[in-house]
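Novice: The primary structure of each chain is shown beneath.
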Amino acid sequence: MEYKEVQKEDFTGKKVKVLDATYEEGNPETIGTGENLGWRKNFQTRDQMLKYLKAGERYWYSKDWYGSEKKR
Amino acid sequence: MPEEKKHYSDKASIEAYENAKKDNILTVYDRAEDLRPCPIGSVGDCCKHCGMGPCRIPAPKKEGEKRKAGLCGATAETIAARNFLRMIAAGSASHSDHGRSVAEIFLAAAKGEIPGYKIKDEQKLLALALDFGINIDGKDMKTIAIEVGEKSIAQFGQQHGELLYIKKAPEKRQEIWRKMGVVPRGIDREVVEIMHRTHMGVDQDYKSLMKQGTRAALADGWGGSMLATDLQDIMFGTPVPVYAEVNLGVLKKDQVNIVIHGHEPLLSEMIVVASQDPEIKKYAVAKGATGINIAGICCTANEILMRHGIPIAGNFLQQELAITTGAIDAMVVDVQCVMQALQNVASCFHTKLITTSHQAGITGATAIPFNEHDALNSAKAILKTGIDNFPNRKNVAIPDIKSPMIAGFSHETINYLLGGSFRASYRPLNDNIINGRIRGIAGVVGCNNARTTCDTNHLTLVKELIKNDVIVLTTGCSAIGCGKEGLLTPEAAMEFAGPGLREVCETVGIPPVLHMGACVDNSRILIAATAVVKEGGLGNDISDLPAAGAAPEWMSEKAIAIGQYFVASGVYTIFGGSAFPTTGSPEFTKYLFEDMEKIYGGKWDYTNDPVEMARKMIEHIDKKRKELGIDKAKGRVLFDMADRRELA
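In order, the protein sequences belong to chains A and B. Read in order, the letters of the first sequence correspond to residues 3 to 74 in the working numbering. Read in order, the letters of the second sequence correspond to residues 8 to 655 in the working numbering.
This is chain B alone, in the form it adopts within the complex (with noise of 0.2 angstroms):
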């Protein structure tokens, strides 16, 4: 096997590694040879909360040797729970300052304050209304919009009581919530509270730090992610079925490539709308081009492919490759998972990487700030910065590769999918569960690791559990990697799906892993599992549910935010990747992998075996399934009349 076999899996980028190798260009496989992970600090052992460490614990090498402490006594479970609790913060931050800037724009372009934003899906503007508990009779949309965008920004800042999505949970989930003291009392608040009971000298107790953490996750998962993902459907649609193709093939080698990279959708959309402007497309015309070709990085990648099917360039490892095709005319980011790299990568060809997030100062880069006030032109500004930069192109090379993919598996796609306008409904999902075709759901998501080989983890998994008659649903990076693999097609499930999961696909015309967004919704995946929680037969809580969770390649904090979230909701979440942060300390790792299962009926696990992963998801599966009765099939048994008198 040729060396790159290690770090890619998937033809274009191993082709593109190898050219990237040949003009001695260094991206993140080849920094990671060179730089280890910190044995101590990965698995949790170390703090650095105070000015007297940081205090480095490592487990003692001799058995029976005590194991020493920080400076002030913290113990190894204090200081690992301690350290993830700030990535939760982390995590949970991230995606609600996501849902922040969202709920912003929605009110003001509810306002009329920003032309370029309207209202798309009054649908959905009505259920978020009668989610958050506004009357809606006799109101215009207008007014509804405004009293919608003004609740969803108060979430953030609210001091007191609960989030208004905590009511969207099964109801048996809320009363865990509330006997266990975890409900969110608002977004912003839980994360600050983090960051306080972290600090020096404070919270002490690994169980204590813990509610705190799960409390935050919650706010992340039922509040601050769900919020971006609800009003960026209301703003920009919500998803439904959609064609498109993905890998590093999509770039055009006769047109402007503009790749959005980084995780918001406003001013990709807008990119979208620019880019179809006569004016803009004569102007690359103008430079030498026959058009202007859109793609994506990472999960602004995934927003603007769910809505309008514009292609994927790849995932998050993929995006220094991406810029050594010497194709990509400008690179235009935001916020997440942007490599610092990426100026000295594109520094060595013509690209230009274009940052327009005033939270986002990237050294090197052309700053464009993004004016929501004046977006269009903002985003034509940037249009025309990378069609200026067409003629400077020199070699290009693009690797001839590339797939197709069906996206746009919103929840309430899926439920219209399995029903129709009628009676839209989970009934023959839950009906396949009972009767055994489809064993069981597992929700696969997350980054990339370059500590692994790219998707891999994802890839082996996914296609362990579909062989199973396991259907996935998949958001991210795993769903960029799934799409690449070719696993997001109706006719994946003939090659790769068991033969009852098989047979489901098939009747409905869906693929057996369904793309459902980016990494803000995951809160899709909670809305779904509780739609068949309610649908009945499954039990009465998402813990009741065949169904597991897993990131095979996490790498961000808000990987870790995101499992917390799951486990606090009821679901079994395993993680792959090069460690797990907390297993420094076993008595606090014990606490999250088996403890924390007896409260929230879900829990977490780690292995990075992702053949071991699918074995421990559907064991998993297969326990739910026996606690509900549906582990064997029933005979069928005929009545007489006897029987019959003795049902009345």
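With the rest of the complex left out, here is chain A (with noise of 0.2 angstroms):
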């Protein structure tokens, strides 16, 4: 990764030079819809897809969660 650098003042006044932010920049641009279905195309074969509806959608898929209708 290339780190970036800017000028900053110190509690002193004096310019010194910090590490910028190293986070990955936001894209606009729409990077998965249609056949590429974004975050879905991270469950590629059944046994993950079933596994996700387990625990993503366990409120309807799966028997071993606790929420309003399956208290401890």
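No wet-lab data here; the hints were simulated from the structure. Heads up, a few of these hints could be off.
Example chain A residues on the side facing chain B (calculated, C-beta under 10 angstroms, incomplete) [as the list claims (entries may be wrong)]: (1) 40; (2) 42; (3) 45; (4) 51; (5) 52; (6) 54; (7) 57; (8) 61; (9) 62; (10) 63; (11) 68; (12) 70; (13) 71.
Pairwise CB distance ranges, derived in the manner of DEER restraints [as the list claims (entries may be wrong)]: (14) B/119 / A/68: 42 to 52 angstroms; (15) A/72 / B/429: 12 to 22 angstroms; (16) A/16 / B/515: 33 to 43 angstroms; (17) A/72 / B/71: 50 to 60 angstroms; (18) B/13 / A/66: 51 to 61 angstroms; (19) B/70 / A/72: 54 to 64 angstroms; (20) B/43 / A/72: 50 to 60 angstroms; (21) B/601 / A/68: 34 to 44 angstroms; (22) B/384 / A/25: 46 to 56 angstroms.
Being a predicted model, the structure only gives us computed values, none of them experimental. Beta carbons: idealized from backbone N, C-alpha and C, even for Gly.
Work from the hints to combine the two standalone chains into their complex.
Specialist: In structure tokens form, the structure reads like this:
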């Protein structure tokens, strides 16, 4: 990763170089719709899909969780 | 203020409307000035269900004077209820017939009978198969898809039992429906039964009538609409966040503008695919254009926006204005919310109005019936008609105004965004409602109405809600209005949201107003609300949630069906617009506005003042917070060993 530096003032008013943000800049372009299905592309096999349904959509597809209808 | 300010609130529409006025082109607001709504019919006091009438029975002008009844003796309550039910029937039929078209194409696609359509979201197919009780073990996707398609189509003609989706609702809600006897047996049956019971001389008790109205509305929300949404997601992709632009400024001067208007995405999906075809692009260039620009109006626009990021030219009340830009080479329409006046406006310009549905004949328009067995070529033929028309353009005046937006918030995506791949969850939302950062949830949906300033009720209401830390879920023309105002961007949280909601939006990276799709996709809101209930901590039913719904500029019968299925699902639902269609009968209106809450936990309400609407919704949300015991911040309690022993 390429690090960027920016100039700022320290508490004495002296100009110093500090490390700039290291996060990846946001991209406003659509990167996953239609064919690509965005995040849903993460699940390729039936096993992965069913596992996700049991965890992520546990409200309907899992028996071992604790919500309003499955109190401890 | 200029006169136009009364009609449209966004600058692009004001500019386009001024241009239309200069050219003496009459549009919907001009007609609204010439034609006032019937004061008797608009409040439900006119019965025209038999040849002895129409019987108009307005409330007596003098106090104490006896109110007239219809020739058959039908009272104001019965007449208002029958009219209300027929609106529910029409609305449910519209959404559900849309669902049927999708189901038929889905099954044909699953069998491999129609090229161009396929299963894109296998995970959602598996989920729906499990919802429908289909055994998926050892079966390939094709077999599962065929079984899902067959079960889907069977839901329409089913005569007995319960619709399959009913089991997705919170368990407590299902019990209420069963106890009241309003669980839909089949989609078509409930609509037909309304038409029978509202025929002259059948059901004469408004409470009995409303039971059937509720059953038919549930057949829409938890039936036809939900099927449309789910099967479309499987065929075309479950929406994920997508960047796009909205308003008349998305039209392009140097490109062939094809505007898609209506509700069903079956053809529009193919038009999007066909517009990428190199041969079609080359054809456009040969006619002098630099390319093809697809844009949308109304809910077809929302469908292709959600899945492809196709820009939106406008909502319901902008359909004529879009043509007056002189830049639309073809407006392609299918079903619902297509004004008959479009052809008149199109004839003043070079625009070709193309009707594609065998259900929607339009006098004067070019008919290119959509053939689903040869969908891609149907789409290409439509595009070529638009391209051929490009050289016929004369004066073009496109307002240079558009706004950015993020759409694509399906229930699945919201769940994923809140938790990620390993533990997708509504827990962060529930926690933030419980801790008070988010005060509650509001669904703001529905039409525009030419009896109010376009979008103003929606925008005033939504801004009031998010200012008060209420997160807003939106669909349909309301969502498009919010997009034009810039409310569908994460940055909107900084400008418009209260401090708690802003903090949550910044953390998750979402807008304070989430675009969930077209009007059939209100079913996504039902599912999201159910997920919030099932996650726990906010009661056991949708009616326990600090949540409310609104259609601030309602216009179509579909909105009434939507309103009733939300009320029957336990949601306080408030409408705005020129009038509420039952207020001619105070007794029946009281039943809807007060008594229904005792049965379903949800009720109707009405005001055309958006600030008052927000106040009422927030008041309801606060009432629910109090009932849940989350209306006050709890102080931190330090437990010593003795306290801990007591807990054990």
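Novice: Evaluate each hint against the coordinates.
Specialist: Outcome of the hint check:
1. At its closest, the beta carbon of residue 40 of chain A sits 3 angstroms from a beta carbon of chain B; the interface hint therefore holds under the 10 angstroms criterion.
2. With its C-beta approaching chain B no nearer than about 6 angstroms, residue 42 of chain A sits inside the 10 angstroms limit, and its interface hint holds.
3. A least Cβ separation of about 6 angstroms between residue 45 of chain A and chain B falls short of the 10 angstroms threshold, and the interface hint therefore holds.
4. Checking residue 51 of chain A against chain B by beta carbon gives a least distance of about 4 angstroms; that is within 10 angstroms, so the hint holds.
5. With 10 angstroms as the threshold, the beta carbon of residue 52 of chain A comes within range of chain B, its nearest partner Cβ sitting at about 6 angstroms, so the hint holds.
6. This hint holds: residue 54 of chain A has a C-beta 7 angstroms from the nearest C-beta of chain B, less than the 10 angstroms allowed.
7. Hint status for residue 57 of chain A: holds, given a least beta-carbon distance of 6 angstroms to chain B, under 10 angstroms.
8. Interface hint at residue 61 of chain A: satisfied, since its Cβ lies 4 angstroms from the closest Cβ of chain B, which is below the 10 angstroms cut-off.
9. For residue 62 of chain A, the interface hint holds, since its Cβ comes within 10 angstroms of a Cβ in chain B; the closest pair sits about 6 angstroms apart.
10. A hinted interface residue such as residue 63 of chain A counts as satisfied when its beta carbon comes closer than 10 angstroms to some beta carbon of chain B; here the least separation is about 6 angstroms, so the hint holds.
11. Given the 10 angstroms rule on beta carbons, the hint for residue 68 of chain A holds: about 7 angstroms separates it from the nearest Cβ of chain B.
12. Taking 10 angstroms as the C-beta contact cut-off toward chain B, the hint placing residue 70 of chain A at the interface holds, the least distance being around 4 angstroms.
13. Interface hint at residue 71 of chain A: satisfied, since its Cβ lies 5 angstroms from the closest Cβ of chain B, which is below the 10 angstroms cut-off.
14. Between residue 119 of chain B and residue 68 of chain A the beta carbons are some 43 angstroms apart, a value that agrees with the proposed interval 42 to 52 angstroms.
15. For the pair residue 72 of chain A and residue 429 of chain B, the supplied restraint of 12 to 22 angstroms holds, since their beta-carbon distance comes to about 20 angstroms.
16. For the hinted restraint 33 to 43 angstroms between residue 16 of chain A and residue 515 of chain B, the CB-CB distance of approximately 39 angstroms keeps it satisfied.
17. The hint said 50 to 60 angstroms for the Cβ distance between residue 72 of chain A and residue 71 of chain B, and at roughly 58 angstroms that hint holds.
18. Hint check: residue 13 of chain B to residue 66 of chain A, Cβ distance near 58 angstroms, so the stated range 51 to 61 angstroms holds.
19. Judged by the Cβ atoms, the range 54 to 64 angstroms given for residue 70 of chain B and residue 72 of chain A holds: they are separated by roughly 57 angstroms.
20. Checked against the given bound of 50 to 60 angstroms, the beta carbons of residue 43 of chain B and residue 72 of chain A, roughly 56 angstroms apart, stay inside it.
21. Hint check: residue 601 of chain B to residue 68 of chain A, Cβ distance near 36 angstroms, so the stated range 34 to 44 angstroms holds.
22. Between residue 384 of chain B and residue 25 of chain A the beta carbons are some 47 angstroms apart, a value that agrees with the proposed interval 46 to 56 angstroms.
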